[in-house]
Amino acid sequence: EPEVTQTPSHQVTQMGQEVILRCVPISNHLYFYWYRQILGQKVEFLVSFYNNEISEKSEIFDDQFSVERPDGSNFTLKIRSTKLEDSAMYFCASLLNDYEQYFGPGTRLTVT
Amino acid sequence: LAKTTQPISMDSYEGQEVNITCSHNNIATNDYITWYQQFPSQGPRFIIQGYKTKVTNEVASLFIPADRKSSTLSLPRVSLSDTAVYYCLVGREGDMRFGAGTRLTVKP
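Note that the protein sequences, when read in sequence, are chains E and V. Mapping the first sequence onto the working numbering, position 34 (from 1) lands on 34, and the numbers just tick up by one. Mapping the second sequence onto the working numbering, position 101 (from 1) lands on 101, and the numbers just tick up by one.
Here chain E stands alone, though its shape is the one from the complex:
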């Protein structure tokens, strides 16, 4: 069964550093998403991406965040200058043309 993969599984970084989280969505999917989940809290929508541009973004997705699909397979989330409150699990998801999103296993980001 096809699956979404994410790397790394765990990223530790210092406050103020840039991080890039990587995702490989399912190859024929059209929509791509990033979500985050702070420990013990709900899954929060960050951004959706379709046809090589951002489709929707939440209020969380400010100028510190950016997304890219650089080579037709990878989908990346960049946080320019990390803050302590960015510590969370980050999930990538992809969707073909119905409403079943496939989620990756997540990247746990720890900002110290």
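Any given hint could be a false lead.
[Claimed, not checked] Computed cross-link-like contacts, EDC-like style, restricted to lysine to aspartate or glutamate with a CA-CA straight-line distance of at most 16 Å:
no., chain 1, residue 1, chain 2, residue 2
1, E, LYS57, V, ASP95
2, V, LYS54, V, ASP67
3, V, LYS107, V, GLU14
4, E, LYS42, E, ASP86
5, E, LYS78, E, GLU53
6, V, LYS3, E, GLU53
7, E, LYS57, V, GLU93
8, V, LYS52, V, ASP82
Because the hints were derived from the structure by calculation, they are not lab data. All values derive from a computational prediction rather than experimental measurement.
Given the structure of chain E, go ahead and fit chain V onto it with the hints provided.
Leaving out everything else, chain V in the frame of chain E:
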């Protein structure tokens, strides 16, 4: 964007049927209703999706009344492994936002 409201938590016993209701009073005409399940330290997993009336798959049933302002996820004969958080989402492809979820605990 339709906001969803679900119970924060529910308890059940093995073998019982569990019904979780989600309210979405301002659902838009084009919105679908989708339910996901999440285990600790894992990404959410699709359970079922519907637009109106009733949908059933091998895992669950989804009941949607005619006005579509609510939906009920029905899990038949739950087991301990069904202990998880269940999320109701209302939306379209570009904007799929999770509510607070319902933490279901199944007891022996």
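Now for the hints, and whether the structure bears them out:
no., hint, in the structure
1, E:LYS57 to V:ASP95, "8 Å, holds"
2, V:LYS54 to V:ASP67, "13 Å, holds"
3, V:LYS107 to V:GLU14, "6 Å, holds"
4, E:LYS42 to E:ASP86, "15 Å, holds"
5, E:LYS78 to E:GLU53, "15 Å, holds"
6, V:LYS3 to E:GLU53, "25 Å, violated"
7, E:LYS57 to V:GLU93, "13 Å, holds"
8, V:LYS52 to V:ASP82, "25 Å, violated"
Of the numbered hints stated above, those contradicted by the structure are hints 6 and 8, listed in ascending order.
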